[in-house]
Amino acid sequence: MKMKVILVRTLAAGLNVALATTLAVPPTAHAQGGPIKIGLLAPLTGAASALGKDMLNGTELYLDGIGFQAAGRKVELIVEDTEGNTATALTKARKLVEQDKVHVLTGGLLASTGYALHPLAEAQRIPTTYPVMSSDDLTQRKPAKWVVRTGWNSSQSMHVFGEWVAKTLKYKRIVTIGLDYAFGWESVGGFQRTFEDNGGQVIQKIWTPLNTNDFAPFVTQIKREADAVFAVFFGRAALQFVKQYETAGLKGRVPLLGNGTTTDESVLPQMGDEALGIMTALHYSAALDNPANQKFAKAFEAKAGKIPSYYAETCYTNARWIVEAVKAIGGRVEDREALLAALRRVELRDFPRGPVSIDRWGNPVQNIYVRRVDKVGGKLQNSVIATFPAVSQFWKYDPDEYLKQPLYTRDHPPCPHC
Amino acid sequence: MTAEFWIIQTFNGLSYGALLFLLASGLSLIFGVMRIVNLAHGSYFMLGGYVGLSVVWRTGSFTAALVAGAVAIALIGIGMERLFLRRLSGQTLGQVLMTIGFALMFQDLALLIWGGDPYTIPLPAALQGIVTAGALRFPTYRIFIIVVATLVGAALWIVLDRTRVGAMIRAAVDDREMAQGVGIHVPVVSLGVFALGAALAALGGVIGGGFLGVYPGADFEVLPYAFVVVIVGGLGSLPGAMVGSLLVGLLDNFGKALFPELSYFTLFAPMALILALRPTGLFGRA
Amino acid sequence: MSSGLAAPAPTLDRKVVAGFAALTLAGVLAPALPAYPLTLLTQAAIVAVLAMSLDILLGYTGLPSLGHAAYFGIAAYTVAILATERQMGLAGCLVAALLLATATAALFGVLAIRATGTYFLMITLALGMVVWGLAFRWVSMTKGDNGIAGVPRPGLGLGWSLAEPLPFFYFALLAAALAWAAMGVLVRSPFGLGLKGIRESESRMRALGYNVWLHKYLAFVISGFFAGFAGVLWAYYNGFVGPADVQLVTSVETLLMAALGGPGTLAGSALGAVAIVFLKNFVSVYTKRWLLILGAVYIGVILWAPRGVLGAFTREPRGAR
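Protein chains in written order, with this note's numbering: chain P, 428 to 845; chain C, 2 to 287; chain Y, 3 to 323.
Since the hints were derived computationally from the structure, they do not count as laboratory data. C-beta atoms are modelled at their ideal positions from N, C-alpha and C, and glycine is treated no differently. Possibly wrong hints are sitting among the right ones.
DEER-style ranges, computed between Cβ atoms [claimed, not checked]:
(1) P:568 to C:58: 40 to 50 Å
(2) P:492 to C:58: 28 to 38 Å
(3) P:732 to C:132: 36 to 46 Å
(4) P:570 to Y:193: 52 to 62 Å
(5) C:123 to P:650: 24 to 34 Å
Isolated chain P, as found in the complex (with noise of 0.2 Å):
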C-alpha cells in the first residue's frame, strides 16, 4: 500500500515537474543572440535505430569540428527520436518547432514521413532540410516552398544505372526485385526506364512487403533466362536479401545488381562474401578517394567505430549544409526567408560525396557512382569503377517534359516485357 502510494506520487511529480519544464519556455528564447538551434528527426530506437545512429553520429561530427560554434553564434543540435513511426515523427516535429523554436528543421528517414512533413513545414514556415528522405515527388511534382533536399531522390542515381548496365553490361533480361513501397518503385522505374530506353528488357518485376524477412517464396520464382537480377533493399532486408540470394543458389549464377543502399556501408561490414561482385549505383561510397571523404571516413571512424554509410555522410553534408547557408546571412537565422534562400543557393565542391549544387526544385545535382563489392584488405568495400558528374534528378530528359510523365509507380513504367 505504502509502495503504490508513492509510486503514484512519484508519477504525479514526474509530471509535474515535466508540464512545469514545458510551461516554463522562456519567451525569449528565440530573440537574436541566443544559439541558433538545429532540430534533428532521427529513429533512435526501433527497427531502423541503426540508421538513426548514422544520422546523429554524421551530424554531431560536423557540428563537434566547428566547436558548435557557426557566424559567432553557439549552435544547439537537439535530437528527438521518431521510433521510425511517422505519426511519432510528426509529433516530435512539433515539439521541435512550437517548443524548442528551432530555426532548421531536418532529418527524418521515411519517406512517407517526407510527405507527412511537408505540410507542417508550409503551415510553420520552417526553412527545412531532407538529407535522407529521397522519394521523388517531394521535389519534383509536389515540391515544397520551404523544403532544400540535401540528399538525393531514389530514381536519381538510377536512371545513370540503367543505361551503364545496358550499355556497359550489356545484360538485355533483368528481372527486378524490391521493397514494395515508393523507394521500391522508384528506384526500380528510374532503373527500368532508362534501361528500356537503351534496348533492354524488363522481364519480371517482384514486390516484397516491407515486413518479409523470409525470401525464399520471391527468390525462388525468379525467371530462369534472366541476365541479371535488380534488387532495391536496405537495412536488415539487405542482409536477409543478399544472404538468402545466395543461400538459394543464385549467386555465381545470375549476377545480383542493386540500388545504393542494398549494399550501403550500413549493412556491409555484416555481410560476408555471398555480397562480392554486386554492382550497384548511388551518389557516395565510403571508398571515394577524394581528400574531403578521407578526412571524413577517417574521423567518422574515430568517433562511431565504423565506417561511414551514406547515411552518416548525407547527415554530416546536411550540417554543413545548414551551417553554410547560416554563415552566408551572418547569423541572421531569425530571417527565415533569408535562410531559405540561402539554403537554396548553397554550393560547394568538397564535400565527401563530392561537388553539389541544387536545382531550382529543391533537389541537388551531383555526382553519381557506380560502385562494385569488392574485398580489400579483408573488407568488403563500394569500389567506384565508374563515375558520372554533375547527374540531374531529370538525367538526359527535359524537366518539363520530364515531369509530364506520372510518378513511379508499382504500375509504371508499364512491363510490357514481363
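Given chain P, put chains C and Y in place with the hints provided.
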C-alpha cells in the same frame, strides 16, 4: 505454374513453418498450463538470437550458440515467472499488460547491449550447401530447420504423452485445481513449462538468426505469426501447434507467391474463418 | 462488485464533477498554453476517446479486446481516403467513417462474442491483424506502407479555421466531451447496468432473463462506433494515416491506457490515455532509454496498483472479484 514451382514453394513453406513451430509450441504450452498470453514471447526469440550471435563470435561454435541461447533465455523466463507473473496468478489482463512492459524493456536492453545493426549468425560449413535433386535445389540449412523442428516436436510428444512429467503437465493443462488436489506441485510444473517455452523460442531465435538474421524489431515482427499459429491450432495443444505452424507456413508462403497484393489477407482471413467455425482453434478445447 | 447493480452514487457524481472540472480547466487554460503542450493535449483528448471506447468492453462488460485499433484505423483510413481523393467534407467523412467502423465491429462482433476471457483476447487480436493486413498490403486502396499524407483539416464554415492549433484543440475537446457524455449516459442506463451485471455473473443475468449475447454484442458494436469516432478525429489531427495506426502495438497501447487508469471508470481510462501520451513524449525528451522506463512504469503500476491509477485513489472497495 510448373510442378517445380509447387514443390519448391511447398518446401519453403514447410521450412518456414518448422521455424514457426519452435516459436509457437512454447507459447502454446505456456498458455495451456498457466493461461498466460505472453506478449514477450517474440522478445525471447530476438534475445535468443542475440545471445547466440555473441556466443558464435566468441567461440565460433554454432552448437554452443544453440545451447547458450536456450539456457540464457530459459533463465530469463524463470526470473519473469517466479518473481513477477506468479504474483498475478489468475489475473489474465494484469499478466498480459505485464508481459508488454517486459517486451518494451527487452527491446531497449537489446538495443543498449547489441546496438541497432542487423546481423546474421554465421553458419558452420556443413549447413551452408545446397542439395540438388534434378533441376530442384534445396538449401541445406532449410532442411536442417525441418529436421530440428521434427526432432523437437517428437521429443515434446514423447515427453508429454509417455512420461510421468508429461502426465503431470497434461493434468495441469486439463484442470489446475484437480492436479493440485492429487498432489502435483503445479507451481513447479508451471515454472518448468515457462522455462521450456522460453528456451524453445530462443532456440528458434538462434536458428532463425542463421537465415533471417538478428535485428531490432524482430520481436514484434514474429509475435503475430506465433499468435496466429496458436490461435489456429488451439491454445495449449501440441498437435495444434504442429498443424498450425505448417498451415501458417504454407499459407503465408503461397499467399506471398501467388497473391502478393493480398498476402496478409490470405494468411489472416482463413484464420478468422477457422475461428468462426471453431472458436477454440482446430485442436483446442473450451 | 458487492453491489454490482447499484454503485455508490456519490462516487459517480464526484467523478463526473471532477471530469467536468478538468475539461473546463483545459478549455480555459488552453489559450495561455504554448503550442506544443496544446498539441499534446489535443492528442490526449482524441486518444482518451479511444481508451474510453475500449473501456465499455473491458471495464463495463469484462471483455479485453486486443484489436481495438481496427475500428479506429478503419475510420481514420476512410476519412483520409475520402478527404484526399474525393475532397469530401467533414459531414460526409464522419458519416462514412462511422458507418464503416461500426459495420466492421458488427461483423467482427459476431465472430468474437462467442468467446470469453483469453480466447476473446486472442480472437480480437486475430481480427485486428486482418485489418492491419489490408492496410499494409492493399496498396491500391490504402497506399500500403507509404500511408496517406496531406489530410486537410475540415472547414466548418464558421469563419475560423481548424488549421490553427487552438481552434482544433477546442474542436477535439468538444468532440471528446460529447463522446464522454454519450458513453457516460450509456453506461449509467439500464443497458449499461445490464453490462456490469454480465461482467459480474453471466449465469445470474441469464437466469434473470437478460439476453446476454445481445448485450455483449451491442457493447462490442457501440465500442467500435466510438473507437471509429476517435479515428475520425485522429485522421484530421495528424493529417496522416498509415499502417502503424492499426498495428498490434496500437491496440496494446490502448488496452494499457484503459487498464492503467482503472477499468470500469470512463474518467480513469481518459486519465490513463492522458498519462501515457504525456509520459511517452516527456520521458523521451530527457533520455534515450525511454522505452526501458516506460516498460518499468507499466510493470510497476500493474504490480502495485493492479486496479489502475484511478482505482488506487478510489477508497470504496470494489468488492472481491
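Structure versus earlier hints, numbers of those that do not hold, lowest first: none
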